[in-house]
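J.: Each chain, written out:
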Amino acid sequence: MTTETETARKGWMGLLARSKPTRLAQLFPDLPAHDFLRAPEVGAVMVQGRIGGVGQPFNLGEMTVTRCALRLASGATGHAYVQGRDKAHAVRAAALDALLQTEQGPELQDSILTPLRAEETTRRASRAAKAAATRVEFFTLVRGEDQ
Amino acid sequence: MYVAVKGGEKAIDNAHAWLAEERRGDVTVAELSLPQIREQLALAVNRVMAEGSLYDPDLAALAIKQARGDLIEAIFLIRAYRTTLPRLGASCPVDTARMAVVRRISATFKDLPGGQVLGPTFDYTHRLLDFKLAAEGEVPAAAMAPTDLADVPHVTEFLNRDGMIEVEPGGNATPPDLTREPMELPASRALRLQAIARGDEGFILSMAYSTQRGYGRTHAFVGELRIGTVAVEMDIPELGFAVEIGEMELTECETVNQFKGSKTEPPQFTRGYGLVFGQTERKAIAMSLVDRALRWAELGEDFTGAPAQDEEFVLMHADNVQATGFLEHIKLPHYVDFQSELELVRRLRSEALAAQEAAE
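If you read the sequences in order, they're chains D and R.
When we follow this note's numbering, the leftmost residue of the first sequence carries the number 1, and every step to the right adds one.
When we follow this note's numbering, the leftmost residue of the second sequence carries the number 1, and every step to the right adds one.
Bound conformation, chain D alone:
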């Protein structure tokens, strides 16, 4: 796999993992025929931090993750590791991961990834804008002895 396709694949796998399961189901209601290489499985991933934000890793705590791998009739395989315990979410993400690598890719980019990305950008921008409104603007008071 070339670096370019790897970057693209990393991008959509992350986007699908971060998407709300209900929203993904709306955008992609019908699953293509598939065989599981790994049936959807709920588990935990140990999340690591770094000491002082930059130093040696330490174990912060776990998060729930659901994973799944499948093969489509065309032979394309897809993988998913998604936050939470929603098996349907993992299956949809894996099926899309497979389909996005086929000639259907560009069409699905437009119909599914583009709206998901736009909604995520809006959500993030809204929180960032609210945070920006709470940024403190300091001003210096004129003190009596200076006059």
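These are computed hints drawn from the structure, not numbers from a lab.
For every residue, glycine included, the Cβ atom is placed at its ideal position computed from N, Cα and C.
Be a bit skeptical, because a hint or two may be false.
[Stated by the list, open to error] Calculated cross-link-like contacts (lysine-lysine; reagent style DSS-like; alpha-carbon spacing at most 27 Å):
#1 LYS110(R) / LYS130(D)
#2 LYS10(R) / LYS65(R)
#3 LYS20(D) / LYS65(R)
#4 LYS87(D) / LYS65(R)
#5 LYS331(R) / LYS10(R)
#6 LYS132(R) / LYS130(D)
#7 LYS260(R) / LYS110(R)
[As the list claims (entries may be wrong)] Computed footprint of chain D on chain R; a stretch qualifies when at least three of its residues, placed anywhere within it, have a C-beta under 8 Å from a C-beta of chain D:
#8 55-61
#9 164-170
#10 191-202
[To be verified] The calculated label-pair distances, taken between Cβ atoms and stated as ranges, are:
#11 GLU103(D) / PRO237(R): 40 to 50 Å
#12 GLU136(R) / SER74(D): 52 to 62 Å
#13 ASP162(R) / SER74(D): 53 to 63 Å
#14 GLU103(D) / VAL29(R): 54 to 64 Å
#15 SER74(D) / ALA97(R): 40 to 50 Å
#16 ALA135(R) / SER74(D): 52 to 62 Å
#17 LEU34(R) / PHE138(D): 35 to 45 Å
#18 GLY75(D) / GLU9(R): 55 to 65 Å
#19 PRO115(D) / MET144(R): 18 to 28 Å
#20 GLY300(R) / ALA118(D): 47 to 57 Å
#21 GLU136(R) / GLU103(D): 51 to 61 Å
We have chain D already, so just place chain R on it with the hints.
T.: Chain R in isolation, oriented as in the chain D frame:
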């Protein structure tokens, strides 16, 4: 002679049925939904995730509902649930320098790149009960201001440039995991941080407070406190590269502490570190104070006998699930234990009384 006793099944069943009824409360009052708990009691959800050591807001909301709002019971439920999950692996260390911050303040520098961002804070409120919340009503929309969405640099970076603060040694060593192997003392700093991150907020708070009152004083300033969302990335073995598997809200605190220097180190500032799931700033600040206090040996400071410097004392008593398990087990039947104590005390009393009579 040992006599096994059985019984109480019916009483236990009935007690649990009554518990379910009491949990529901007055049925003329609408039942709480899990999304309501998740969205409107978010800080309770965060505490249960942090101390349950499992990031899953829906599960934490369920645990809070099931536990009737008893957060330690909810944490216990989460801990029990997590033992049923297969471990799929470990994430890459989260990059808090790339956090999408909703709050970021520094008590050490007024003007700093990225600014002082207050976020949705209780600070500066008057702590007066707001009776408007007793009535249902629309909430006015929060104000917005333009922003460039740039990453916010860590404050310690600025101090680092002048060599004024100790350098945090980097690396990628696999950290010890107290959920896999029993905690061994002395513990590495990584193991201590894991234990404190999942430790009881009240206990960690009190330990931190004790250092401020002089029991192992560390002269801490909050160099930076930030809350926001970070991406969680994981190496996927079957793909051969890392992908984002989700995102989570974290609170990070870095304290800057006075240090006179030692034989090998010039005078400089030292660091304490706190990182906790969710919006949990009291815990994160407390964690960084306790982390710093526990570093006395590594920094060549004196052990003054303060509880917060005592690794065994702190780490072995920080876990509220362990603590509550041992504490509350003494209410369970100890009939046989007690019977033997009773007989012992009776015998000692009769001996003592006999000795007294003989003396008279």
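J.: Among all the numbered hints in the text so far, which are the ones the structure does not match?
T.: 11
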